[in-house]
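J.: Next come the chains, spelled out residue by residue.
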Amino acid sequence: MTLFPVTLTAARAQRHGKTLVGPIDLGLGGAGVTAVIGPNGAGKTTFLRLLHGTERLCSGTIRWHCSTEEARHHQAFVFQHPVMLRRTVLQNLCYPLALRGTPRRAAEDQARDWAARIGLGDMLDRPAPMLSGGERQKLALARAMITDPALLFLDEPCAALDGRATREIEDILHTAKAKGMRLILATHNMGQARRLADDVVFLLRGRVHETGAAQGFFNQPATPQAKAFLEGDIVE
Amino acid sequence: MDTLWGGLTKAFWLVVTRDSDLLEIALRSLQVTGIALAIASVIALPLAAFLAVRRFRYRRTVIALLNALMGLPPVVVGLIVYLLLSRSGPLGVLGLLFTPTAMVIAQVIIIVPLIASIAHQSIRDLWQEYHDLLISMNVTQGQKIRTLLWDCRRALLTASLAGFGRAIGEVGAIMIVGGNIDHATRVLTTAIALETGKGDFALALALGFVLIALAILINLAIHVLSRTEREGRW
Chain C
340 MTLFPVTLTA ARAQRHGKTL VGPIDLGLGG AGVTAVIGPN GAGKTTFLRL
390 LHGTERLCSG TIRWHCSTEE ARHHQAFVFQ HPVMLRRTVL QNLCYPLALR
440 GTPRRAAEDQ ARDWAARIGL GDMLDRPAPM LSGGERQKLA LARAMITDPA
490 LLFLDEPCAA LDGRATREIE DILHTAKAKG MRLILATHNM GQARRLADDV
540 VFLLRGRVHE TGAAQGFFNQ PATPQAKAFL EGDIVE
Chain F
197 MDTLWGGLTK AFWLVVTRDS DLLEIALRSL QVTGIALAIA SVIALPLAAF
247 LAVRRFRYRR TVIALLNALM GLPPVVVGLI VYLLLSRSGP LGVLGLLFTP
297 TAMVIAQVII IVPLIASIAH QSIRDLWQEY HDLLISMNVT QGQKIRTLLW
347 DCRRALLTAS LAGFGRAIGE VGAIMIVGGN IDHATRVLTT AIALETGKGD
397 FALALALGFV LIALAILINL AIHVLSRTER EGRW
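Residue numbers (the numbering used here), protein chains in the order written: chain C, 340 to 575; chain F, 197 to 430.
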């Protein structure tokens, strides 16, 4: 299934009459990792949600290479604060497969395999809401990836995690990228963006301020605002 | 004090000697309440989930109405059901008046709003927690409701138990529609009302203690079987 390229034309999201992001004109290609960066309130999460379809588009268009329904079917989203179903680790992993009608035995086999990959193989029967922050985020990531989506959105997946948990999650993301999964990642962590991203979308006040290849952006940002942001200055 | 003690002693002997009348009315109480609870839960729990996840124009009004109906006066329900089922009423042809079925109908009407209101609050809270995840997973409305009902099952059990408590202790409505007929529609609560009217306070109290013991035992059994306390946090 080819989702890309995706083209946003004057895309805008509004809530209670206030524009959260947009108008955005942007095209995204079909490979690698895109890091969406910007200061707090720039609209990173809303931008991701708009693309994913969980935030209503109030004007403009988002055109995928396939139909919007098909595109939605081949996407997954990992939230900043992972939502755990009140079930065991195994049942959380089986859930998206069950939604797609995978037979129970096959779903459990796949879930066990994924649990082992993320280091939760010996916690299958543990209630997911009782896991630590890092374990919950890894589980959320595995649950999102278990259906093998073509596109994975990650909203600050390593916020509030320690170095070890961050590395484990980045390893999983590197593997996914190597297998051809398209990743769009909102992050505050510039180190993580440098390690993972192939290209960057820099948002400011809800609009795309600068885009480009990651290396070029980090080494030689084109705008003074992006330069100031990368230098750690306060950008509003 | 003597009456209370006499009631306790009598209750003890009624249970120990396995009094046949007591067994019959206790079993009928459980049967009528059990059936009413099952029917009410089948109606109320999906309704609660639907109200939690579905947005429609008069949703808030429906929820407010449901909450208000928690305090529905049983005697009024009994009267309405009586009029509906009486020979001259629209459902009189069914011949259900003064049968356990009529008692079940009245109890269902009384406890559906109670179970639905309590369940709705729990499901609404869980829906707030799950909202983004389930929307992002593109779940259908049916899958959404099934997921919420399953993951909320312990809270829903509490809602159902509240309905059970209300139903098994109900007297006004079932007295009107059941008629308290010996060996036909007499249950523990109507028997208590009858014995109190006759002035046999010791027997009325004895039946009351049996009723309380039954309600507590059933609640405890369900809590233990469903491991509510051990796994209630998730």
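The hints are simulated quantities; they were obtained by calculation from the structure and are not laboratory data. Values in this document were obtained by computation on a predicted structure and should not be read as measured data. Beta carbons are placed, not taken as given, at the ideal position from N, Cα and C, and that holds for glycine. Careful: at least some of the hints might be erroneous.
What the hints assert, rightly or not - Which residues of chain C face chain F? A partial, calculated answer using Cβ under 8 Å:
id	residue
1	Thr-341
2	Ile-401
3	Arg-402
4	Cys-405
5	Thr-407
6	Arg-411
7	His-412
8	Phe-418
9	Val-422
10	Arg-426
J.: List, from low to high, the hint numbers that the structure doesn't satisfy.
T.: Of the numbered hints given earlier, those the structure breaks are 1, 2, 3, 4, 5, listed in rising order.
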